[in-house]
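Colleague: Listed below are the residues making up each chain.
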Amino acid sequence: MSEHTIDGIIEKYRGQPGSLIHALVEIQHQNHWLPREVMQKVADALQVPFAQVMQIASFYKAFSLTPKGRHEVHVCTGMTCHLRGAAKLRAKVEELTGLKDGETDTDSRFTYQTGACLGSCSIGPELIVNGKHYGRMTPEKIEDVLKQYE
Amino acid sequence: MPKLHTAAELEKYRAEILASRDPAKPCIAVCAGAACDGMDSAAVAAAFVAAAGKLGDKIEVRTTGCHGYCEKGPNVVVTPGDICYFEVQPADVPDILAATLKGEVVERLVYKDPNTGAKAVHMNEVPFYKHQTRLLIGDNPKIDPMNIDDYFAVGGYAGLVKALTTMTPDQVLDEVKKANLRGRGGGGFPAGSKWETTRNAPEKTKYVIVNGHEGESAAFMDRAMLTGNPHKVLEGLIIGAYAIGAHKGFMYTRHDMPLLEKHVRNALAQAKEYGLLGTDILGSGFDFECELHFDVGIFVSGESSALMRSIEGNAPEPRPKYIRTSVNGIWDKPSNLNNVETWANVPQIINKGAEWFTSIGSEKSKGTKLISLSGNVVNSGIVEVPMGTPLRTLVFDIGGGVRDGKTLKAIHFGGAMGGSIPADLIDAPLDFDGMSKLGAPIGAGGLLLMDEDTDMIEVARYLMDFLVNESCGKCVPCREGMQQMLQILTRLTEGEGKKGDLELLEDLIEVTGTASLCALGKTSGDPLKSMFRYFKPEYESRIAGGSEAK
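From first to last, the protein sequence lines are chains A and B.
Position 72 of the first sequence, counting from 1, maps to 72 under our numbering, and the rest follow consecutively.
Going from the second sequence to our numbering is simple: count from 1 and add 150.
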């Protein structure tokens with residue numbers, strides 16, 4: 001994402017300390033992670049201490065303090081997916097990508113994360129890549145799905 | 151687009167919408183709920199739009215919120231007649247359009263009973279739907295959530311009109327109190343009393359909040375309601391604000407569902423444009439604004455005081471509630487928070503009256519309840535039944551029983567802070583107090599079936615693991631107590647259980663439950679408690695048998 005877009009988001013909230021979370025959410029959605037210098041800019045513009053920006057950014061799970069891969073792979077670990085075999089999906093994704101929960105590979109292809117619950121329980125267990133849901137997944141089908149994302 | 155200055159203008163506008171619509175004109179409603187969307191219902195909708203466009207103005211196509219029968223998505227409902235088609239693929243579109251034009255039915259896509267093969271064409275004949283009372287979710291197939299006119303067409307905002315033009319705030323409050331509307335978010339606390347506390351709190355500035363956080367695992371009805379019919383929730387909120395005397399409201403919901411965000415943003419903008427939000431709403435002199443806020447990914451932010459910290463822009467840490475948030479909430483102002491489903495009930499209570507509402511449900515729990523039915527069930531989806539309905543109806547008549555011909559072992563309610571009851575309690579009625587006594591409080595309404603293969607110790611470990619990850623870490627009993635319980639449970643699942651483990655767990659449940667600040671820690675031991683009540687032999691034999699019993 002261009003610096004221009006980030007600056008645009010920050011400008012919208014200049015001088016509004018109460019909008020800290022709004023600003024960080026927008027930047028996270030656009031940029032997929034929060035670089036330190038961006039958080040410094042947010043702190044300056046919204047007039048909040050940098051420590052408070054760090055507190056929010058490190059507390060909420062939606063924020064990432066490290067760069068993400070080109071593709072975000074999620075396995076839902078909600079209760080229905082769990083009962084319907086999410087653990088096998090996790091094992092297969094971990095085997096195929098060599099990643100553990102929360103990690104990004106060295107060529108920045110995939111970031112792998114587990115999370116619950118995405119509310120599509122009826123089609124669980126499921127794999128979600130870049131927001132696209134692959135419902136009623138089986139470990140055998142995962143390789144073909146991941147192949148589509150280079 | 152018109153700004154509606156008075157109630158009369160709104161009713162005139164509604165009459166115009168209805169006059170311009172021909173009820174005999176076929177309409178195809180394609181579900182875009184979370185599960186159908188996951189099965190690529192968008193491709194089905196696109197195929198319908200493309201093909202119907204070539205037919206001129208003969209058929210209308212509408213993309214809607216969740217219809218309910220998620221198991222069999224993508225769902226398509228054709229009106230008039232409410233003909234239900236299941237598991238529709240883009241390739242089925244030409245057949246459905248051709249049949250609809252001729253007034254016929256595509257037999258191969260209708261419901262077939264898995265045992266008898268009997269077909270059901272219309273919604274009121276499909277077993278999943280016919281045992282339900284769909285007062286809240288029933289409008290979903292009739293509404294394009296992006297189009298406020300669709301909500302007007304089903305009688306939307308009539309409750310607001312009635313409240314603002316014919317009732318005083320006190321009368322609205324009285325009606326909700328008489329209706330005995332109880333909070334749908336988990337506690338079952340009477341909404342009317344909560345409203346009254348905020349109304350009577352001394353501070354002049356007051357807030358109202360929609361809690362659409364829905365972090366409970368396997369509960370997905372609130373987002374279906376809010377995504378599929380956002381105006382219904384908003385209408386309830388405005389009516390509540392009028393009764394309470396609040397001029398500012400907040401909708402707090404999930405950040406990770408793009409469709410939900412799009413629909414709610416659009417609904418707020420439309421309501422403003424039509425004059426249903428803003429100053430002097432419908433000429434009543436009442437002013438109200440509503441802001442949208444997002445949870446950014448931690449379960450505890452659904453807790454009321456934590457949620458309010460989050461709206462203020464802080465980390466969502468709960469605070470002790472010696473003073474309730476209804477008296478001292480956002481920025482220390484009185485703040486009334488109710489869950490999505492609670493607000494959605496308000497318009498119909500005002501419209502049809504408390505007497506009508508209390509005629510539905512059980513003695514102490516009135517109205518209907520939305521239930522997310524999932525786990526090892528044949529028909530998963532969103533179900534709405536009157537309070538007091540026996541669980542058997544939910545599990546077997548609607549849910550179709552257990553998947554793969556297995557037997558039912560347990561029914562779990564209320565997610566990670568709920569409880570499990572054994573299959574032989576299946577005739578218990580769905581009721582706030584009754585279910586709490588059994589040790590499986592309804593919570594927000596996530597109902598899970600567990601089949602004979604379910605390892606209850608592993609379920610307890612899984613739920614504890616979830617809570618350990620979601621705790622905010624502020625208070626020690628929650629942070630450390632749950633960690634200890636998780637370690638013991640993990641050992642048990644690995645066949646390394648020791649004598650005395652169960653007693654130690656019982657101690658930890660008690661201390662964590664007593665000393666934690668908020669409900670997350672306080673009720674973290676509830677699933678375990680229910681298991682000790684009903685499934686203790688399984689735990690004992692696992693410890694006795696060590697790894698052999700695995």
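Misleading hints may appear alongside valid ones.
[As the list claims (entries may be wrong)] Label pairs and their computed distance ranges (CB to CB):
1) Gln55/A to Ala241/B: 50 to 56 Å
2) Lys162/B to Gln40/A: 51 to 57 Å
3) Lys648/B to Lys132/A: 45 to 51 Å
4) Asp107/A to Pro173/B: 37 to 43 Å
5) Glu688/B to Pro67/A: 29 to 35 Å
6) Glu237/B to Gly85/A: 20 to 26 Å
7) Ser343/B to Lys12/A: 20 to 26 Å
8) Lys162/B to Ala87/A: 54 to 60 Å
9) Lys132/A to Ala419/B: 25 to 31 Å
10) Lys132/A to Glu254/B: 31 to 37 Å
11) Asp605/B to Asp107/A: 20 to 26 Å
12) Ala241/B to Asn130/A: 43 to 49 Å
13) Lys12/A to Glu254/B: 35 to 41 Å
[As the list claims (entries may be wrong)] Using 30 Å as the maximum straight-line C-alpha spacing, the simulated DSBU-like pairs for lysine-lysine come out as follows:
14) Lys41/A to Lys88/A
15) Lys132/A to Lys327/B
16) Lys312/B to Lys292/B
17) Lys12/A to Lys422/B
18) Lys624/B to Lys92/A
19) Lys292/B to Lys100/A
20) Lys41/A to Lys624/B
[To be verified] In silico negatives: residues of chain B with every beta carbon more than 10 Å from chain A:
21) Arg258
22) Asn501
23) Ser530
24) Gly589
25) Thr643
I should point out that these hints are in silico values taken from the structure, not numbers from a laboratory.
Where a beta carbon is used, it is the ideal one built from N, C-alpha and C, also for glycine.
Colleague: Compare the structure with the hints numbered earlier in the document and write down the numbers of the violated ones, lowest to highest.
Modeller: 4, 5, 7, 11, 12, 13, 14, 15, 18, 19, 23
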